[in-house]
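Going down the list, the sequences are from chains A and B. Everything in the first sequence is counted per my numbering, starting at 1 for the first residue and increasing by one. Everything in the second sequence is counted per my numbering, starting at 1001 for the first residue and increasing by one.
By construction, these hints were calculated from the structure, which means they are not laboratory data. Hints may be right or wrong, so weigh each one.
What the hints assert, rightly or not - To list a few chain B residues with every Cβ distance to chain A over 10 Å, as calculated:
| no. | residue |
| --- | --- |
| 1 | L1007 |
| 2 | S1042 |
| 3 | N1044 |
| 4 | I1058 |
| 5 | G1090 |
| 6 | E1092 |
| 7 | L1093 |
| 8 | V1094 |
| 9 | D1134 |
| 10 | E1184 |
| 11 | G1213 |
| 12 | P1225 |
| 13 | A1227 |
| 14 | D1240 |
Said to hold, decoys possible - Per the computed footprint, the stretches of chain A lying under chain B, defined by three or more beta-carbons under 8 Å from a beta-carbon of chain B, are:
| no. | region |
| --- | --- |
| 15 | 33 to 43 |
| 16 | 102 to 108 |
| 17 | 115 to 128 |
| 18 | 269 to 278 |
| 19 | 291 to 299 |
| 20 | 325 to 331 |
| 21 | 371 to 377 |
Said to hold, decoys possible - Which residues of chain B face chain A? A partial, calculated answer using Cβ under 8 Å:
| no. | residue |
| --- | --- |
| 22 | I1005 |
| 23 | L1011 |
| 24 | M1046 |
| 25 | E1144 |
| 26 | I1145 |
| 27 | R1146 |
| 28 | L1149 |
Note that the structure is a prediction, hence the values are computed from the model and not measured. From the three backbone atoms N, C-alpha and C, an ideal C-beta is built for every residue, glycine too.
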Amino acid sequence: MREESFHEGEFLRELEAAVGGRCSSSPDTLRIYSRDYWPLALLKEVKGEELPLPIAVAWPESLEEVVKLVKLCNEYRVPFVPYAGGSGVIGATICERCLVIDVKRMNKVIHLSEEDSYVLVESGIMLRKLEEFLNGRGFTLRHFPQSYPEAAIGGLIATKSVGQYSTKYGGIEDLLIDLEAVAPDGGVIPLRRNIVPRASTGPEIKSLLLGSEGQLGIITKAALKVFKIPPFDYKNSFAFKSFEDALMAVKEIVQSGLTPAVARVYDEDDSSVRFGDGRDLLILILEEYSKPLLEAKVSEIGRIISRYGGREAGEDYVEKWLEKRFDVISELKKLVVPMGLWFETIETAATWSNLIKIHSKFKEIKKVRGVYAVLAHASHFYEVGACLYFTLTYEADEKVYWDIWREAMRVVLENGGTISHHHGIGLLRREWIFSEIGPSLDYLRRIKSALDPRKLSNPGKFLG
Amino acid sequence: MIRAIKLTPSLLLRFFRRKEVRVPCIYCPGICIASCPTFLESGNMMLSPLGYSRHPEIGRRECLKCWRCVSECPLNYELPETFSDGIEVGLELVREGTPMLLSVEGLDEGYASRLAEELEAGFCIAKGLLRRYDDGCRIENLSEIRRRLKGIKVLSLSPEASHSLGIPFLLEAAHELPLKLEYEGSVHIPCLLSDRSESIVHNLELIGAKINGVIKDSCLKQSIPDALILCPRAPKNIYDLLEIRTL
């Protein structure tokens, strides 16, 4: 072991040899890899503040190279952090003096089984490229987070992501059949011998890696469920007298087994900004493989919506949403940044009985000094509840930023919500995770210590 | 919308004193990134629009100026023309005639000259235009050039001139000319014309080609696929295969 006499130059030379020169320690490269899409980190960057820099970035091309890199890090006691699309919003990839292991050259589709409806891929494949590949063969992953254009599969698993169609197709955890990873000590956690739909073979490592944010090793391959592209769909929007009425309508829809692919309930503030319509709006998309089934569902859903006072508002709002759903830059460029403002999105989930309470209390964050808008919608519905998603506009100032977050976390924790539905913990939420999961955190940390005794795999985050 | 925002006097004032965002990529997570050939090949964020926008000197050197990022950008931000100082393009008329074949200096003058002679067409040369796609710069007198070409039936031999000047690509109007092409196989669609794939393939078929595959995802500046190449930049391209049909 060389921990006592760490020579950066020697490490970098061995690094270069390990990946055939596919690495860099140039200051510009380190700077661009010094953050993900965490709004606070971006704010610091545009204000000219220096973020903690990694020591180098490497682009391995194979499992074997990832193993070499992790072993090298163990030998030199250099921490490492996996990096995929860089589209996370919680600062999970910020890791001072770490080796950034960027998996995006590991981007192959290894196997698509059309017969069994699954695909085996390397973890660096970009979600969009995978979706395009599948679409060309009549299949789809149906996983469309807002980061769809820039995210990569490994990062989505490590974040425990959901997509906009999750109400029907599930989150990444529902799509993930199995994975391969390199453990923090450089050992390989392999795919199971056979791809199977389910197995009762003890606790699954894949569950540990889901949402692990790079703290338990590096995901290198994933087997994912795929779907045939549904040939029949229905799109419509409905206006309600209140946010609650709309939510209760969706609750009944979901609990009646009429699950839509997409359901999004916008409160009147969010609707007015996004659609220029100041009513509480429900955006609905249904997808089915049978036309009679689709028609039956549309008819039943129509009855439920009417009972809750919903009135048809047309397909245009759905089309507008579809057109803009990945566009995070237009408003920033046109209005937010030019006015010296900044942005944040905060998501939570709660059971039906707590959703309205959280929504109304969270909206009071608008009273916080420096906050100008708190827009809200509910998306990602479950039998037991839903995700609430808040978009905030505020003074481009770090103090205001943390004032918002302290208040937001207080509101969700005191009113039955989770601190994160799908963005994850990262550096952003680490101080609140214990408040939610309590001593379970200690057990998770013990698992981390067992797998990563040297604390090399993305240290400094919630697992220590 | 107003009700959704907590309006304060200072916020209102700022609305009227908005500062322009000159490089939006700085604030973007990389919406266009999966279309960037250098990024897809390397996996390196520095070799993507995120890197090029922060370091124009790297963009000048490494970006392929394929403009795919522009078509993916919700703002249509023209990043590939921000890497070097602006230039003025000249237009030299070599021979009057209709249609007028437009070539780009240093790119396809030889092909244009030969074709113009065989078709008894006009011929002109855009001088300096190539720099937009080699160095990544803005054409300062673009509107003037476009104005000069207005009302003339101009056809461009290169994707570059067609893309810059908004004039039809010769192969989109091929069926109007006495041209024939004996070819069977795939065709590579130039990056700069990726949105015109259907019309190009249709026209190639009208002049005799049998197209059985379309390659849209690769950039010739990276590698040349085994296909019919439409860019005069490539050593062997469609202009080496086109023949004049005798009427």
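So, going through the hints one by one against the coordinates:
With a minimum CB-CB distance of about 8 Å to chain A, B/L1007 fails to clear the 10 Å threshold, and the non-interface call is violated. In this structure B/S1042 is not separated from chain A by more than 10 Å, as the shortest Cβ-Cβ distance comes to only about 7 Å. Against chain A, the non-interface label of B/N1044 is violated: not every CB pair exceeds 10 Å, the least being about 6 Å. Non-interface call for B/I1058 relative to chain A: violated, since the shortest CB-CB distance, roughly 8 Å, does not exceed 10 Å.
No Cβ of chain A comes within 10 Å of the Cβ of B/G1090; the nearest lies about 34 Å off, and the non-interface call holds. Every beta carbon of chain A lies more than 10 Å from that of B/E1092, the smallest distance being close to 39 Å; the non-interface claim holds. The beta carbon of B/L1093 sits about 41 Å from the closest Cβ of chain A, which is more than 10 Å, so the claim that it is off the interface holds. The beta carbon of B/V1094 is kept farther than 10 Å from every beta carbon of chain A, the shortest such distance being approximately 43 Å.
No Cβ of chain A approaches the Cβ of B/D1134 within 10 Å, the least distance being about 23 Å, so the stated non-interface status holds. The Cβ of B/E1184 lies farther than 10 Å from every Cβ of chain A, with a closest approach of about 22 Å, so its non-interface assignment holds. No beta-carbon of chain A comes within 10 Å of the beta-carbon of B/G1213; the shortest separation is about 12 Å. Residue placement check: B/P1225 keeps its beta carbon more than 10 Å from all beta carbons of chain A (closest about 17 Å).
Separation of B/A1227 from chain A is adequate, the least Cβ-Cβ distance of about 17 Å exceeding the 10 Å criterion. For B/D1240, the requirement that its beta carbon stay farther than 10 Å from each beta carbon of chain A is met, with the minimum near 31 Å. Against chain B, the region 33 to 43 of chain A contributes 3 residues with a C-beta closer than 8 Å to a partner C-beta. That satisfies the three-residue criterion, and the hint holds. For the region 102 to 108 of chain A, the assignment as covered by chain B holds, since 5 residues bring a beta-carbon within under 8 Å of that chain's beta-carbons and 3 suffice.
Counting residues of the region 115 to 128 of chain A whose C-beta sits closer than 8 Å to any C-beta of chain B gives 3, which meets the bar of three, so the coverage hint holds. Using a Cβ-Cβ cut-off of 8 Å, 6 residues of the region 269 to 278 of chain A lie near chain B, which meets the minimum of three, so the contact claim holds. Counting residues of the region 291 to 299 of chain A whose beta-carbon sits less than 8 Å from any beta-carbon of chain B gives 0, not enough to reach three: the coverage restraint is violated. A count of 5 residues in the region 325 to 331 of chain A with a Cβ less than 8 Å from any Cβ of chain B is obtained; the coverage claim is therefore met, three being the minimum.
Counting residues of the region 371 to 377 of chain A whose CB lies closer than 8 Å to any CB of chain B gives 4, so the stated coverage by that chain holds, three being the minimum. For B/I1005, the suggested interface contact is upheld, since its CB lies about 5 Å from the closest CB of chain A, less than 8 Å. Among the interface hints, the one on B/L1011 holds; its C-beta lies about 6 Å from the nearest C-beta in chain A, closer than the 8 Å criterion. Given hint, B/M1046 at the interface with chain A, holds; its Cβ is 5 Å from that chain's nearest Cβ, closer than 8 Å.
The criterion of a C-beta within 8 Å of any C-beta in chain A is not met by B/E1144, whose closest approach is roughly 29 Å, and the hint is violated. Checking B/I1145 against chain A: minimum C-beta separation of about 29 Å lies over 8 Å; hint violated. Given the 8 Å rule on beta carbons, the hint for B/R1146 is violated: about 27 Å separates it from the nearest Cβ of chain A. Taken as an interface hint, B/L1149 does not check out: its beta carbon lies about 32 Å from the nearest beta carbon of chain A, beyond 8 Å.
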